[in-house]
Every structure is written in C-alpha cells, then in structure tokens.
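For the protein sequence lines, the chains are A and B, in the order given.
No gaps in the numbering here: position 135 of the first sequence is 135 in this note's numbering, and each next residue is one more.
Position in the second sequence (first residue = 1) + 242 = this note's numbering.
These are computed hints drawn from the structure, not numbers from a lab.
We put the CB at the ideal spot given by N, CA and C, even for glycine.
Be aware that a few hints might be false.
What the hints assert, rightly or not - Here are the simulated EDC-like cross-link-like pairs (lysine to aspartate or glutamate), alpha carbons at most 20 Å apart as the crow flies:
#1 Lys389(B) with Asp116(A)
#2 Lys252(B) with Glu480(B)
#3 Lys158(A) with Asp117(A)
#4 Lys389(B) with Asp117(A)
Unchecked claim - Partner residues aside, some chain B positions facing chain A, computed with beta carbon under 10 Å:
#5 Pro323
#6 Gly325
#7 Ser388
#8 Arg398
#9 Val407
Next come the chains, spelled out residue by residue.
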Amino acid sequence: MSRSTGADLSIERLAVRYGGVAALEDVSLRVPAGTVVGLIGPNGAGKTSLINAVTGVVRASAGSITLGAERLERLPQYAVARRGVARTYQNIRLFAALSVADNVRAGAVRLRGALDDAAVRALLERAGASEADLGARAGSLPYGMQRRLEIARALAGKPAVVLLDEPAAGMNPHETGELRAVIRNVAASGAGVLLVEHDMGLVSAVCDRLVVLNFGRTLAEGTPAEVARDPAVIEAYLGTPA
Amino acid sequence: MLQFLAQHSKLFDQIGINALLALSLSISLRAGSLALAQAAFMGLAAYVGSIGAVNYGWNLIECIVAGALAAAAAAALLALPIGRLRGVFLAIATIGFGEIARIAEINAPITGGAEGFSNIPNDAGTPAIYAALAATGIALAIFGRSKAALTIAATREDESAARGVGIDTGAVRLRTLVAGAVIAGVAGVLYAHANFFITPGDFGFPRMEQILVACVVGGVTSSLGAVLGAAVMTVLPEAVRFLNDYREVSTGAILLGFILFAPGGIAGLWQRRAS
Numbered sequence: 001m002s003r004s005t006g007a008d009l010s011i012e013r014l015a016v017r018y019g020g021v022a023a024l025e026d027v028s029l030r031v032p033a034g035t036v037v038g039l040i041g042p043n044g045a046g047k048t049s050l051i052n053a054v055t056g057v058v059r060a061s062a063g064s065i066t067l068g069a070e071r072l073e074r075l076p077q078y079a080v081a082r083r084g085v086a087r088t089y090q091n092i093r094l095f096a097a098l099s100v101a102d103n104v105r106a107g108a109v110r111l112r113g114a115l116d117d118a119a120v121r122a123l124l125e126r127a128g129a130s131e132a133d134l135g136a137r138a139g140s141l142p143y144g145m146q147r148r149l150e151i152a153r154a155l156a157g158k159p160a161v162v163l164l165d166e167p168a169a170g171m172n173p174h175e176t177g178e179l180r181a182v183i184r185n186v187a188a189s190g191a192g193v194l195l196v197e198h199d200m201g202l203v204s205a206v207c208d209r210l211v212v213l214n215f216g217r218t219l220a221e222g223t224p225a226e227v228a229r230d231p232a233v234i235e236a237y238l239g240t241p242a
Numbered sequence: 243m244l245q246f247l248a249q250h251s252k253l254f255d256q257i258g259i260n261a262l263l264a265l266s267l268s269i270s271l272r273a274g275s276l277a278l279a280q281a282a283f284m285g286l287a288a289y290v291g292s293i294g295a296v297n298y299g300w301n302l303i304e305c306i307v308a309g310a311l312a313a314a315a316a317a318a319l320l321a322l323p324i325g326r327l328r329g330v331f332l333a334i335a336t337i338g339f340g341e342i343a344r345i346a347e348i349n350a351p352i353t354g355g356a357e358g359f360s361n362i363p364n365d366a367g368t369p370a371i372y373a374a375l376a377a378t379g380i381a382l383a384i385f386g387r388s389k390a391a392l393t394i395a396a397t398r399e400d401e402s403a404a405r406g407v408g409i410d411t412g413a414v415r416l417r418t419l420v421a422g423a424v425i426a427g428v429a430g431v432l433y434a435h436a437n438f439f440i441t442p443g444d445f446g447f448p449r450m451e452q453i454l455v456a457c458v459v460g461g462v463t464s465s466l467g468a469v470l471g472a473a474v475m476t477v478l479p480e481a482v483r484f485l486n487d488y489r490e491v492s493t494g495a496i497l498l499g500f501i502l503f504a505p506g507g508i509a510g511l512w513q514r515r516a517s
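So that you can see chain A by itself, here it is in the shape it has in the complex (with noise of 0.2 Å):
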C-alpha cells in the first residue's frame, strides 16, 4: 500500500462569508494523521463550505487554516492540492472526456514522474474500483464507480489529508458497504479523512470523531456514541417534542 505522508489539518475559528450571508461563523477542529473524521449537519450547515475554504476554493473571511506547519487560508486552490489536500466533489467532478487512467494520473500532477499502469491499477484498487478498464472514459462509468474513481485520483497525489463531500451519495448498501473499508484504508494509509456525509450508519461505522454543525456554526463534537446522545444534536436532527 502506497503510504501519504500524514499531517493533522487544524481549522481555528474559521469563518466564511458571502457577502452579508454567514456560511461558517467560529468554527475550529482538528483532523490528526490517519484518523477519520466525519463533519455532519443539515442542508445548508455550512459542510461544503468548510471543504471549500480548507481547499482554496473560496476564501476564509476569519480564523486559520492548518496543514502541519504550513498556513493554507490564503493560498490558492492549486497550491493548497500541490501541499498535499485533496479532495473529492458533492457533485462529480471528473475530467469526463479523459480516461480512466488519465484521471488517476491527473491526480499524481503534484508529484514527480509519471504513475505506470500498475501503480494506476493499484489506486483503483485502493478505491474499490478495481474493475474499472483503464482506457474507458471516465464520464461513461457508472455513477457508483465514478464516486470510486474520484476517490482514487484523490489518492494519487498521496495527500497528507483527504476531504470526502458526500462520497456515498448515490451507492446502494453494498457499494457503501465496500466505501466504509475504502475509507477506513485510507487513514491506515497515514492520511486524514475529513468525511461529509448524510448516511449516519456509514459516518458511525468509520468516523473516529464527529462534528456537527447547524447554520455554520459548531453544534456539538465527540466521538460518534457521544455525539448520538446529544441533546442539542438530537433537536436539530429530529426536532423536539410538541
């Protein structure tokens, strides 16, 4: 197995505006080496905008941004990539007309020398995509296995930290099933996982330590049985009684 080279992503008091709208507002947390993380909360808590500003794809208002020793929060989206983040997309974003090989590649742009088809095959494999014919084009794959594919160019460039923004979107339960030892493989791997996601069996099952945040800000954080039995997550997922 390919190893990244680990680092802990601290985000500290980050906030992220648009215009007079407040996407995030004061919102920290850690994501050590070769750990998972899941970052949980409503439509519109603000979760894409965190990957988003840790990425470079939109530009912190207040707080900063950590990878090791190095600051993100004013870097540009290509730099921040280059320094070992990567990520994958709520909506798929795959280089569609390239092949499936070529997306894997594209992935490794920030290290040296090219990836061969066996270090390829090896990623794919890594993400569960293994079946996967190396010369199709990639927007002709099935969703299921694009979600795999992005993953795998997620990991060619052996990031330091992985960013996840609703991987299981889309999968049935065996595909989640195998995304779950994808997933937990890649932090074996010494990279962090920061995890979006909306399946709670499959955020329980993989995440060492949750954060939930509720109109951009920090609602509650623990492990995933602490955070289960937190009242104040309890009413913004399930409402309280009348």
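Starting from the structure of chain A, add chain B where the hints point.
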C-alpha cells in the same frame, strides 16, 4: 508527380503555412481557451521578420527566431489583461487585440502602412515550410505523451477540478497561449518570406476565421486533425472555383456540416471509425 508538385507549389506552401497556423490555435483550444489572436501573432512576426530581413539583412533563421520571440512576448503581455476571461468574452477580447494589431500595422511608420511591405527575400520555399511543419508536428507528438499535456487536457475538461489536483490552470493557459504564438510567429515569417509582400489585411479577422474553421473541420484538439483541416480548407476554395461567386458558400456548408454532424471533425470521424 514532381511536375504536379512544381505546378502547385504555391498551394502546397499555403497548405503548410495554414497547417502551422491551425496547430498554433489547436494548442490553446486543447486547454479550452478560445483565444483568437493567432492572425495577430502571425502578422507581428511577419513584420518583424520582414523588417529584419529588408532593413537589417537578417537571414531566414534569424527572422524566424526574432519573429517567434516577438509573437511570444506579445502573447505573454496579452495574457495579463485577458487571464481571467473565458469563452465568448475571451474570444471577443482577443479578436479586439487582433484589430488593434492590424490598425497599428497600418499606421506604424516602418510597416509600409496599408500599401504593404515589399521586397522581402524569397527564401522560404516548400522545404523550409514543411521542415517547420514536421518539426512542430514531432514536437507536439512528443509533448502529447507528457505530463504537461495531461495538465492541459485536465484544464480543458474542468478547470476547478484541475486546480483541485494541483494544476496551476492560469499558468497552463499562459503557456499554451505563448506556445501557440510561437508557432503562429514561425508561420508568419514563412508566409512573408514565401510571398515577397505583406499587407496588414493579410493578418486580419478573415485570416483568423480561416484558422478557426480549419481547426473545427479537422478536430479542435488533434494535431493531425488540425493539419488535415488546414489542408482541406486550403484546397477546397481552389477545387470549387467553378462555383465563381458562390464558392465561399462551400466553406460555410462544410463548416456547418461538421458542426452539426461531426463535431469532433475529421479526427473525430477517424477515431470513431477506428474504434
């Protein structure tokens, strides 16, 4: 055969030059940039090479090097204001640059103005033109298998996702614009030295349109397609001379046909047949 080649040498020269121009545009198109300044780069290099030869006695190689460098510098400067533009806005801005260049060539005191610049040495024959085309083709074929080519394709496919894997897409677009300008510059110097005489009108929007049509007909992201498209669109007007005033219609009809029924161009048809 040799007699045929000799009889049509001007047409073959024109095919070679147009193929270079189509290749130059295809480099930007591979990165998804509809930057339509190739005619302007060609014109700038043509004037630099012509003035160098006539006024300073430069040989063809010196003219090509100077012309290509001038075109590259112009592309690098042009990239500053247009770096954030995409799609139709980029196309309009670069067409505007082409018009500025053409008007500057008309009004500059050393270009001969609208009357044109003449007495250019006739030292760029068919061997020189096809040597340049072969060198460009080989360079692009080698480049096509490189990691840099993958970054260009990724930039074209999804710019944000490309940045997400660590590709500096702004730098990719700049490099493709400059590389395309260098090739257009070489084509411009060869054009001037093959035709003895140039005017600003040789490098206006109709020339840019001709290059774009060649790329679309050939296949916008294929080197071989660009060359074949340039060959077809150079020979076609000659082959349909019997249509007299209506012969331009054939160009439009072919373009429309490819856009509607074979958007991948000749290269796309070839690939479809091969697969």
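Do the hints match the structure? See the list:
Note on Lys389(B) and Asp116(A): the hinted pairing holds, with a Cα-Cα distance of about 12 Å set against a maximum of 20 Å. Straight-line distance between C-alpha atoms of Lys252(B) and Glu480(B) comes to about 12 Å, which keeps the hinted pair within the 20 Å bound. Only pairs whose Cα atoms come within 20 Å are accepted, and Lys158(A) paired with Asp117(A) is accepted, the gap being roughly 17 Å. Note on Lys389(B) and Asp117(A): the hinted pairing holds, with a Cα-Cα distance of about 14 Å set against a maximum of 20 Å.
Contact between Pro323(B) and chain A, as hinted, is not supported at the beta carbon level, the nearest pair being about 19 Å apart and thus beyond 10 Å. Because the beta carbon of Gly325(B) sits about 13 Å from the nearest beta carbon in chain A, more than 10 Å, this interface hint is broken. Given hint, Ser388(B) at the interface with chain A, holds; its Cβ is 8 Å from that chain's nearest Cβ, closer than 10 Å. Checking Arg398(B) against chain A by beta carbon gives a least distance of about 8 Å; that is within 10 Å, so the hint holds.
Interface hint at Val407(B): satisfied, since its Cβ lies 5 Å from the closest Cβ of chain A, which is below the 10 Å cut-off.
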